[in-house]
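**Student:** Single-letter residue listing:
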Amino acid sequence: DGGITQSPKYLFRKEGQNVTLSCEQNLNHDAMYWYRQDPGQGLRLIYYSQIVNDFQKGDIAEGYSVSREKKESFPLTVTSAQKNPTAFYLCASSGDRFYEQYFGPGTRLTVT
Amino acid sequence: AQKITQTQPGMFVQEKEAVTLDCTYDTSDQSYGLFWYKQPSSGEMIFLIYQGSYDEQNATEGRYSLNFQKARKSANLVISASQLGDSAMYFCAMRERTGGYNKLIFGAGTRLAVHP
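Chains as they are written, first to last, in the working numbering: chain A, 1 to 112; chain B, 1001 to 1116.
No lab work stands behind these hints, which were simulated from the structure alone.
All values derive from a computational prediction rather than experimental measurement.
Ideal Cβ positions, reconstructed from N, Cα and C, are used throughout, including at glycine.
All the given hints hold, so there is nothing to weed out.
Label pairs and their calculated CB-CB ranges: (1) A:53 / B:1098: 17 to 27 angstroms; (2) B:1078 / A:14: 40 to 50 angstroms; (3) A:59 / B:1069: 20 to 30 angstroms; (4) B:1115 / A:53: 45 to 55 angstroms; (5) B:1054 / A:22: 33 to 43 angstroms.
Using the sequences and the accompanying hints, generate a full structural model.
**Tutor:** Written out as structure tokens, the structure is:
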């Protein structure tokens, strides 16, 4: 079954700690994306990557970092510099039909 | 800059009736794409329907259709014969191409409640 996996579904961290969210896809898509969603709001783009070893900052990249060493994987690190890290994080990959994005199930991060 | 506007924070509809969710967009590009996604309470985003700017006919996918009015820059989603399982958040999005990269710009969403 092709798809996108994100783990874990729920993640709890103490303030000041870095945390890495995993995203893996087996759709053979070149492009991958990370979004943040706050309660009752839309999606905001954090980082995106068109190909391996290349990524671009989105609208709210401050306090986040990514890597793209493999086509299948696009992990997101939420650093201690991110002021309000508690949110729902969605990973997506993009096909080349209409460039529609397929989303993973999301990770709900809570930092206290 | 490109922008998507969804002016209805919440809508409700009676089961089996049709409902229209509004979406307007702003772009100076001639070639663009418009998408609708559904987000149930579980959180995953489900792709519903796509409309290309050069498509002459409105897109349809089962009970979903997209009412595309290019001159008015609107791309409203019509759900026919609503079902209880249609209760969810609905997001309109537009494909933006910048510097050789494709990305999606999302609206704020509309929460749809289907009543029995």
